[in-house]
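Each chain, written out:
2 protein chains.
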Amino acid sequence: MTIWSFFTRASRAFHDYPHASKLLVLCTVSGGLVAYSESQSDIVSPPSVDINQSEPRKKRVVVLGTGWAGTSFLKDLDASMYDVQVVSPLNYFAFTPLLPSVTCGTVEARSIVEPVRNIIKKRKGEIQFWEAECIKLDAKNKQVICRSNINNNLVGNGEFHLEYDYLVMAVGAQVNTFNTPGVLENCYFLKEVEDAQKIRRGVIDCFEKAILPGLTEEERRTNLHFVIVGGGPTGVEFAAELHDYFQEDLVNLYPSVKDLVKITLIQSGDHILNMFDERISSFAEQKFTRDGIDVQTGCRVVSVSDKEISMKMKSKGEVFSIPHGLVVWSTGVGTRPVVKDFMEQIGQGKRRILATDEWLRVKGCEDVYAIGDCATIDQRKIMEDIASIFEAADVDKSGTLTIKEFKDVMDDIIIRYPQVELYLKNQHLGDVTDLFKDSEGNYRPEVDIEQFKLALSHVDSQTKNLPATAQVAAQQGTYLSRCFNRRNECKNNPEGPRRFRGRGHHQFLPFQYKHFGQFAPLGGEQAAAELPGDWVSMGHSTQWLWYSVYASKQVSWRTRVLVVSDWTRRFIFGRDSSGI
Amino acid sequence: MTIWSFFTRASRAFHDYPHASKLLVLCTVSGGLVAYSESQSDIVSPPSVDINQSEPRKKRVVVLGTGWAGTSFLKDLDASMYDVQVVSPLNYFAFTPLLPSVTCGTVEARSIVEPVRNIIKKRKGEIQFWEAECIKLDAKNKQVICRSNINNNLVGNGEFHLEYDYLVMAVGAQVNTFNTPGVLENCYFLKEVEDAQKIRRGVIDCFEKAILPGLTEEERRTNLHFVIVGGGPTGVEFAAELHDYFQEDLVNLYPSVKDLVKITLIQSGDHILNMFDERISSFAEQKFTRDGIDVQTGCRVVSVSDKEISMKMKSKGEVFSIPHGLVVWSTGVGTRPVVKDFMEQIGQGKRRILATDEWLRVKGCEDVYAIGDCATIDQRKIMEDIASIFEAADVDKSGTLTIKEFKDVMDDIIIRYPQVELYLKNQHLGDVTDLFKDSEGNYRPEVDIEQFKLALSHVDSQTKNLPATAQVAAQQGTYLSRCFNRRNECKNNPEGPRRFRGRGHHQFLPFQYKHFGQFAPLGGEQAAAELPGDWVSMGHSTQWLWYSVYASKQVSWRTRVLVVSDWTRRFIFGRDSSGI
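Sequences listed follow chains A and B, in order.
By my numbering, the letter at position 22 of the first sequence is numbered 22, and the numbering carries on one by one without gaps.
By my numbering, the letter at position 168 of the second sequence is numbered 168, and the numbering carries on one by one without gaps.
The set of hints was computed from the structure by calculation and includes no laboratory data.
Treat the numbers as computed from the prediction; the structure is a model and nothing was measured.
Yeah, the Cβ is synthetic: ideal placement off N, Cα and C, and Gly gets one too.
Honestly, I wouldn't trust all of these hints.
[Claimed, not checked] List of simulated lysine to any residue pairs, SDA-like, C-alpha gap at most 20 Å:
no., chain 1, residue 1, chain 2, residue 2
1, A, Lys198, B, Pro89
2, B, Lys121, A, Val251
3, B, Lys59, B, His161
4, A, Lys122, A, Val555
5, B, Lys136, A, Gly214
6, A, Lys122, B, Gly574
7, A, Lys258, B, Glu126
8, A, Lys121, B, Gly574
9, A, Lys121, B, Gln247
10, B, Lys307, A, Gly156
11, A, Lys198, B, Gln197
12, A, Lys258, A, Gly214
13, B, Lys198, B, Glu185
14, B, Lys136, A, Pro213
[What the hints assert, rightly or not] Now the in silico label distances, taken between C-beta atoms and shown as ranges:
no., chain 1, residue 1, chain 2, residue 2, range
15, A, Asn151, B, Phe320, 22 to 30 Å
16, A, Asn151, B, Gly517, 36 to 44 Å
17, A, Lys124, B, Thr216, 27 to 35 Å
18, B, Val536, A, Asn151, 40 to 48 Å
19, B, Gly214, A, Gln345, 18 to 26 Å
20, A, Lys124, B, Phe178, 49 to 57 Å
21, A, Gly125, B, Asp306, 35 to 43 Å
Could you put the whole structure together from the sequences, leaning on the hints where they help?
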């Protein structure tokens, strides 16, 4: 009865002192001890609904979206400085890197989500949250129009608008089908938690259907043919998960069809994981070949029907079709309609993706910020400003720059144009002054504007778009919240680099992305990782590194405990194959 | 790193010796130790799909359904004696008594389900499972027609038929709306796991919608009005769970609408929980009143629209309507269409529910058995057989029975007509011979047929239908599997009572239900229980009893661990309010 009496006492303590610090001692399977003390002393009771407040004293910040970018922004924002209102069609944050694990039940869907209200109630200051979808951004009138996406018969008009002083767009992206016919109708996706749940049920459906009496062997084979389109980290991880799920669990439950299962991975490029180091890429390809996963590289999907998927072999130009049971489409992201419409309003209509400057401010629209997958940073080219830079650096107005004059502005240049640093590194130049060397490697005492242009002419080729990853989105959210928190402070004491085309300094440092590496789990308790400093790590130990990193990155202690216990459960009992 | 190295070793051991016994030591939160050794040595690899086998040697048993009845039957059946084929639209068994806990996330849906294939692969002998719905029972040709209910584009005809030697119907019942208009369209139910998941999402939807800007207070109130129809154990438990969910978790996340929430429980009878002892009934009513749950007894729902629920106050005959946000309908069960159709075929068309005899054999149909909620036992009345009994007992054919003659057949009578025992108990008669007393309390030496009839004339009033509970279904499944296992044995040595209307003995003892008591959790860590021997227990300690009984009754160690860890999680972190 120890366990029950513990519960009774714990329960009583919990109810008697709801706001006291809770000390939870969780005994993990290894016998290890995790002591966790969560102080709730900073909980501020959220506000009453008072949307018609006249003349708010605080500036209103409207945040759209609660994915990686939006949540990171909210987690670090000092909400006591602003009237913060959050709108998102989902009332939770999802730890999306674990979505492939959810597809096969290695981790449960609920273990990777945390209610937004839980996250915001622990923040300093008042934050209001509305579960609704932003259906229109009205840049001219500085307002957003939102509509509740709850599709039942509840009363009340679910449409409302919110005016903003600052708008933070973190609405994410949508699946990109590249207009391939039949994809939306016949494919599964892997962007949302619900997608992963659908795949999980879909996989079991394929097995249950394939095993029924009366099917031909060909029909069974078709139903058990799983096709994954896209050889990026998500597609590869899903293929690996599916293979493990089958090999470790389903093979025992559906032994009669075990020889009929096939997994095909289709990649348009020449290699899977081609954003990774090529050692990782070929390690993954070799492992998949050993596992019997059919990797079709250099193939472009031209259409998907309910029964077949047609593709074109790039090398031969030949189009062929294969029957499928289930297709998962995982090939990059596209712009949401509401963002497209907004881009038209602000003169970005011709662009493919919303552009911000280096401070994450949407170009052509004041007081609107965009972070995460919904936008990209349009890095200013150094050549556009080259004359202004030269003029600003040429203090004595001699028409030439000395090394000293150049050095004096170089720090500001490197901050304002990060491509310069990348260029130096890729050209193996130790110092910025190396740019002053002539073609024979001798330092020039001075350079004129033409020589200066020539020295920097190739720098802009190093400008790179950031990938649409959780890591980038999270860093942007955190960066932006820091700017919002220091808005008053930095007004008087700007921290940014000097303005070459104007006077004074930029208020804030521009956003700078720091890459902490990337994982690609490959199944069978093996993973590959690209770590900072061009380190590459592959194999079982990398998988353990993956476990520890992903456990530590969870948004709350609750999800951390749940994810670790899901992994433990999977080790002990395997994955659940119930069709729910 | 201890935890990781444990994992590595455990994982390796698991993969190297997949069939070895696994010893799992699970360290629970209390520090208590549960040692669990699961022997897998009896796993027999399931058969290949071979449906067209000609002339099977073993008799084929087709089992329809994998609920409490079907699963209990399968768990104890010696499948090596038969060719066993199971058909169910769900590929899992669900521990339905925990469904109310799933509606509010106290327990996760996946924690209460166990895949049927997991259950059957551990059985002795071969069992085949098909995920399909039986759409037609063809009693004449001894076959069932089934159709896959997987609604996607997988290839192959999902329809097939199975011939049977013995059919075990365990298809359960469906929701009974009593033909009340609008119920099917506008109410939530609590029969399946998916129902519980829908309610969970629905409750959160109500809160998210109610809190949106621009709604009137009246609209918020309407959306937060939760109505439960049916004051049985399920409805009462759901009301209690919902109240706890709100008080313990949601009130912190939606503080601005906390005064607008209302829970109404509608019961047509005069009291809720009226199948329980009246002390429990009034304890529950008092607790609910204290909790602010509005209990409307003596009310019959006449219709449900998307916005309102209309009911009739029985006492006054007055019809009135109240607006609602969410209605859960939980009022007993009805017969499924496939069973109705079958009843027509076998001449039971006029009955409301399928009738079996005391051996669970469907009346009017050979070799078909029905267990669980889909059927009821039509207990043979003693008065129908009274002449035969008298004749059989009157060994010396004297036309009168002596006490000795009566005593000789009494054991068989009590087994064949269990209402006799109930009658003796209710009449406070110590012994069957008390029936021989005359009106003045004196023993009569002999009775004639008329006196015999008179003595037993009130016995049949004690005949009772068994309730549609998991407990009854499980006992019937186990009972029937025992009969199947002992079929050959009992053919030669029948174990049943003597036949009064024929010769010899019945092959098996008739089914006899043993009531182990019943729980009604009432929220706030309190429960009520009716235990054997007319014991009644209420309060916090009963809730702990409930926890231990429900944990011990789980179908597998996997679900047991999951359910207990869900309870623990709820104690520590509360319930999740993510809308997934």
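We went through each hint and held it up to the structure:
1. A/Lys198 <-> B/Pro89: 18 Å, holds
2. B/Lys121 <-> A/Val251: Given pair B/Lys121, A/Val251 holds - Cα atoms ~12 Å apart, limit 20 Å.
3. B/Lys59 <-> B/His161: Measuring from Cα to Cα gives roughly 16 Å; hence the hint holds.
4. A/Lys122 <-> A/Val555: 12 Å, holds
5. B/Lys136 <-> A/Gly214: 18 Å, holds
6. A/Lys122 <-> B/Gly574: The hint holds at about 15 Å.
7. A/Lys258 <-> B/Glu126: 18 Å, holds
8. A/Lys121 <-> B/Gly574: Between A/Lys121 and B/Gly574 the Cα gap is close to 15 Å, so the pair holds against 20 Å.
9. A/Lys121 <-> B/Gln247: The hint holds at about 17 Å.
10. B/Lys307 <-> A/Gly156: Between B/Lys307 and A/Gly156 the Cα gap is close to 11 Å, so the pair holds against 20 Å.
11. A/Lys198 <-> B/Gln197: OK: A/Lys198 and B/Gln197 at ~15 Å, within 20 Å.
12. A/Lys258 <-> A/Gly214: Distance of about 17 Å is within 20 Å: holds.
13. B/Lys198 <-> B/Glu185: Holds. B/Lys198 to B/Glu185 sits at ~14 Å (cutoff 20 Å).
14. B/Lys136 <-> A/Pro213: Judged against 20 Å, a Cα distance of about 17 Å means the pair holds.
15. A/Asn151 <-> B/Phe320: 22 to 30 Å: 29 Å, holds
16. A/Asn151 <-> B/Gly517: 36 to 44 Å: 42 Å, holds
17. A/Lys124 <-> B/Thr216: 27 to 35 Å: Between A/Lys124 and B/Thr216, where Cβ atoms are some 32 Å apart, the hint holds.
18. B/Val536 <-> A/Asn151: 40 to 48 Å: For B/Val536 and A/Asn151 the Cβ distance comes to about 45 Å; the hint holds.
19. B/Gly214 <-> A/Gln345: 18 to 26 Å: Cβ of B/Gly214 to Cβ of A/Gln345: about 24 Å, so the range 18 to 26 Å holds.
20. A/Lys124 <-> B/Phe178: 49 to 57 Å: Cβ of A/Lys124 to Cβ of B/Phe178: about 54 Å, so the range 49 to 57 Å holds.
21. A/Gly125 <-> B/Asp306: 35 to 43 Å: Since the Cβ atoms of A/Gly125 and B/Asp306 sit about 39 Å apart, the hinted range of 35 to 43 Å holds.
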